[in-house]
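Q: Take the sequences, apply the hints, and build the full model.
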Amino acid sequence: MRKADLINRISENTGIAKVDVLVTLENLFKEVKKSLGEGENIYIRGFGSFITKKRAAKIGRNIKKNTAVEIPEHYIPAFKPSKEFVEQIKEKNLP
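In terms of our numbering, the sequence shown opens at residue 1 and continues consecutively.
Everything labelled a hint here was simulated from the structure, so no lab data went into it.
Be a bit skeptical, because a hint or two may be false.
[Unchecked claim] Below, simulated BS3-like cross-link-like pairs (lysine-lysine); rule was C-alpha separation at most 27 Å, straight line:
1) K33 <-> K53
2) K30 <-> K3
3) K80 <-> K53
4) K53 <-> K90
5) K18 <-> K34
6) K92 <-> K80
7) K53 <-> K83
8) K33 <-> K83
9) K30 <-> K54
[Claimed, not checked] Here are the in silico distance ranges between beta carbons for each label pair:
10) E73 <-> M1: 33 to 41 Å
11) V69 <-> K18: 42 to 50 Å
12) I89 <-> A4: 17 to 25 Å
13) S11 <-> R61: 43 to 51 Å
14) S11 <-> Y75: 32 to 40 Å
15) N41 <-> K3: 21 to 29 Å
16) N93 <-> K58: 13 to 21 Å
17) S82 <-> N27: 31 to 39 Å
18) K65 <-> D20: 20 to 28 Å
19) N13 <-> I89: 16 to 24 Å
20) G60 <-> V86: 31 to 39 Å
21) E70 <-> L25: 19 to 27 Å
By construction, the Cβ of each residue, glycine as well, lies at the ideal position given by its N, Cα and C atoms.
A: Printed below as a string of structure tokens:
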């Protein structure tokens, strides 16, 4: 499912105009990015958590030059689904 499909489905289910759904979703995405960028996690009960994970510094390889490259520690965004969410997906027995 793409973002456009999601917007269409929400609009059909709620009766809200597609433009309003689009604006709302864009603002949600913007706030998630902003909060995670500031180091603040987002917890949505019954759905999951948007968190940042710390990646330790490590040595990588530049394959073309066959040299070692130091990769500094950094943070990446991650999503952790809630127990209810995981159980709901397990019940569906999707491939």
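Q: Hint by hint, say whether it matches the structure.
A: Evaluated hints:
| no. | hint | result |
| --- | --- | --- |
| 1 | K33 <-> K53 | holds, 14 Å |
| 2 | K30 <-> K3 | holds, 14 Å |
| 3 | K80 <-> K53 | holds, 11 Å |
| 4 | K53 <-> K90 | holds, 25 Å |
| 5 | K18 <-> K34 | holds, 24 Å |
| 6 | K92 <-> K80 | holds, 19 Å |
| 7 | K53 <-> K83 | holds, 19 Å |
| 8 | K33 <-> K83 | holds, 24 Å |
| 9 | K30 <-> K54 | holds, 21 Å |
| 10 | E73 <-> M1: 33 to 41 Å | holds, 34 Å |
| 11 | V69 <-> K18: 42 to 50 Å | holds, 46 Å |
| 12 | I89 <-> A4: 17 to 25 Å | holds, 23 Å |
| 13 | S11 <-> R61: 43 to 51 Å | holds, 48 Å |
| 14 | S11 <-> Y75: 32 to 40 Å | holds, 35 Å |
| 15 | N41 <-> K3: 21 to 29 Å | holds, 23 Å |
| 16 | N93 <-> K58: 13 to 21 Å | violated, 38 Å |
| 17 | S82 <-> N27: 31 to 39 Å | violated, 23 Å |
| 18 | K65 <-> D20: 20 to 28 Å | violated, 52 Å |
| 19 | N13 <-> I89: 16 to 24 Å | holds, 20 Å |
| 20 | G60 <-> V86: 31 to 39 Å | holds, 32 Å |
| 21 | E70 <-> L25: 19 to 27 Å | violated, 39 Å |
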